[in-house]
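Number of protein chains: 2
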Amino acid sequence: MPNSNAVPSRPGTIVAMGEILVEIMATRVGQRFSEPGTLIGPFASGAPAIFIDQVAKLGSPCAMIGCVGDDDFGVLNVERLRGDGVDVSGIAVLKDATTGSAFVTYREDGDRDFIYNITNSASAQLSVANLRDDLLSKCGTFHVMGSSLFSFRIIEAMKRAIETVKTNGGTVSFDPNIRKEMLRIPEMRDALDFILDYTDIFLPSGHEVTLLASATSERGAIDELLKRGVKEVVVKRGAQGCSFFDANGETHRSAFKVQELDPTGAGDCFGATYISCRAQGMDVDTSLKYACASGARAVGVKGPMEGTATFAQLDTFLQSATE
Amino acid sequence: MPNSNAVPSRPGTIVAMGEILVEIMATRVGQRFSEPGTLIGPFASGAPAIFIDQVAKLGSPCAMIGCVGDDDFGVLNVERLRGDGVDVSGIAVLKDATTGSAFVTYREDGDRDFIYNITNSASAQLSVANLRDDLLSKCGTFHVMGSSLFSFRIIEAMKRAIETVKTNGGTVSFDPNIRKEMLRIPEMRDALDFILDYTDIFLPSGHEVTLLASATSERGAIDELLKRGVKEVVVKRGAQGCSFFDANGETHRSAFKVQELDPTGAGDCFGATYISCRAQGMDVDTSLKYACASGARAVGVKGPMEGTATFAQLDTFLQSATE
Chain A
1 MPNSNAVPSR
11 PGTIVAMGEI
21 LVEIMATRVG
31 QRFSEPGTLI
41 GPFASGAPAI
51 FIDQVAKLGS
61 PCAMIGCVGD
71 DDFGVLNVER
81 LRGDGVDVSG
91 IAVLKDATTG
101 SAFVTYREDG
111 DRDFIYNITN
121 SASAQLSVAN
131 LRDDLLSKCG
141 TFHVMGSSLF
151 SFRIIEAMKR
161 AIETVKTNGG
171 TVSFDPNIRK
181 EMLRIPEMRD
191 ALDFILDYTD
201 IFLPSGHEVT
211 LLASATSERG
221 AIDELLKRGV
231 KEVVVKRGAQ
241 GCSFFDANGE
251 THRSAFKVQE
261 LDPTGAGDCF
271 GATYISCRAQ
281 GMDVDTSLKY
291 ACASGARAVG
301 VKGPMEGTAT
311 FAQLDTFLQS
321 ATE
Chain B
324 MPNSNAVPSR
334 PGTIVAMGEI
344 LVEIMATRVG
354 QRFSEPGTLI
364 GPFASGAPAI
374 FIDQVAKLGS
384 PCAMIGCVGD
394 DDFGVLNVER
404 LRGDGVDVSG
414 IAVLKDATTG
424 SAFVTYREDG
434 DRDFIYNITN
444 SASAQLSVAN
454 LRDDLLSKCG
464 TFHVMGSSLF
474 SFRIIEAMKR
484 AIETVKTNGG
494 TVSFDPNIRK
504 EMLRIPEMRD
514 ALDFILDYTD
524 IFLPSGHEVT
534 LLASATSERG
544 AIDELLKRGV
554 KEVVVKRGAQ
564 GCSFFDANGE
574 THRSAFKVQE
584 LDPTGAGDCF
594 GATYISCRAQ
604 GMDVDTSLKY
614 ACASGARAVG
624 VKGPMEGTAT
634 FAQLDTFLQS
644 ATE
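Residue numbers (our numbering), protein chains in the order written: chain A, 1 to 323; chain B, 324 to 646.
Rather than coming from a laboratory, the hints here were simulated on the basis of the structure.
Built from N, CA and C at the ideal position, the CB exists for glycine as well.
Warning: the hint list may mix true and false statements.
[Unchecked claim] Sample of chain A residues facing chain B (criterion: CB under 10 Å; computed from the structure):
id, residue
1, V22
2, F33
3, D72
4, F73
5, G74
6, A97
7, Y198
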């Protein structure tokens, strides 16, 4: 059993920075975007935005830094986050940009196809000019999503934010959340590597554990990560549960059984719940239980941010859940 | 009655150049994009694309120059235009861009609200590199939509295309189709003014007649335009019909009575039908009759490009239509 005293999370505001999007969903499995059909949306989305919304729902003080356009997609996101308790003062509303969007459709084989307006959206304007030192210096945990690192401007801002957080005694959590196209760009791989150097809590999906390591086995990669200075590694395995590793050992949990309606955002909810619970002083086992409940609950709800939950909702879920 | 011998259209390919988009439509009047709802789409769109699709449906040889992303929105547009008979060899498929999109919702008062991804889309990459001299040198009529002139790169390409067309004896038709934001940018107004210098057939909406003239009355502006070298002015007045002016006189038509379902694209269909009929040697009266039928038919169909029609469909419409 890992030593829960080794936990690097500290109380204080949890801050996420990065893309804020809307998602438009096809309604039929197998629907293509090469012909008209019925869609639903816009839904609030963006991995760091989903993360911070879930953090807010669990009652942790939190803030978001990012950019939206001066349009109703931006209003949708900002009002949603504000309503759920996120400090949105770090979200800039840009006159000459459009809020990012993602169109998603599910294939018969369960895979998803996307059309993105992200790198050409307001979210791509995020730069060091958007950094809020007042928010970052009192930050307990700064959370980075790998999906956010799609421009050099953003990478530069992320590096500066991490430096401010670290200098002031905060910790960094990192969900690689990698789009495979990113690893083909050497500078993107470098950026992920840089973030990892400052990471206290690493939250990869199963297939991502070895992506940034020289070891080819999961165990070898975990050892490398811990040696490198990562204090906790939490591996998200979807329907196969999750695993926790630190210098003192490891622990595993199976997932709760649920019918998958929409996996988008489930990993973000899992990570947010883990970070939030740890920041609130809960031990690893309790934090993992809530994280699994949060992820499981999220896959049962349509819409990327629609599955975020309060502790009351997670407790209700846990009462009738089976592993 | 104007002298139809003054007509500047000549046989030969009709070419349009500019934005290619998809449109996503809200399904309920008053629906806002600040909350989730049911949408339909994507529908093929973009003013010059709608124009050229309508030209193709009337059997005129035609081609489109523009850019789409390497995505299903691009496939939708290219296959639609190709299927309707447009030469799509001038449409570039860009790897690193997303096909443009527009979200539209109707207010209770009949006005429309949009969220655009156009200036940040593949369509914004259009430049002189996309010009196809083989298409332009054999071009009978080159059609310009003012909505396309949203970047200096595109304006430069448009100027060069017009020079090639004119040098080879082709004519230029111009629908100002102005978004009001554009006139606030002095360079955009200059660009519209430049296009007007080369325009043979000018197709403004009623409120656009005086926008680029020093005269404040419609009649004064028309006289200015004709003196400036425009050979035909066709004023589109929606439900109030249309007016034709040339050096020899004027003629007016009332509109056909239809129930308005979706006005998007109706002006483009009107213009395309007028240009196509004239290029096929029809007289002004017949061309205006078909143009009015085309516009009227288009407002009765949902989807910006869904209302384009063949002569057979226009003749069927005319058999039961009342003015």
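Evaluation of the provided hints:
1. V22: 8 Å, holds
2. F33: 4 Å, holds
3. D72: 4 Å, holds
4. F73: Cβ of F73 (chain A) sits 6 Å from chain B, so the hint holds.
5. G74: 9 Å, holds
6. A97: 7 Å, holds
7. Y198: It is violated, given that the least Cβ distance between Y198 (chain A) and chain B is near 30 Å, above 10 Å.
Violated hint for the displayed structure: number 7, the only one.
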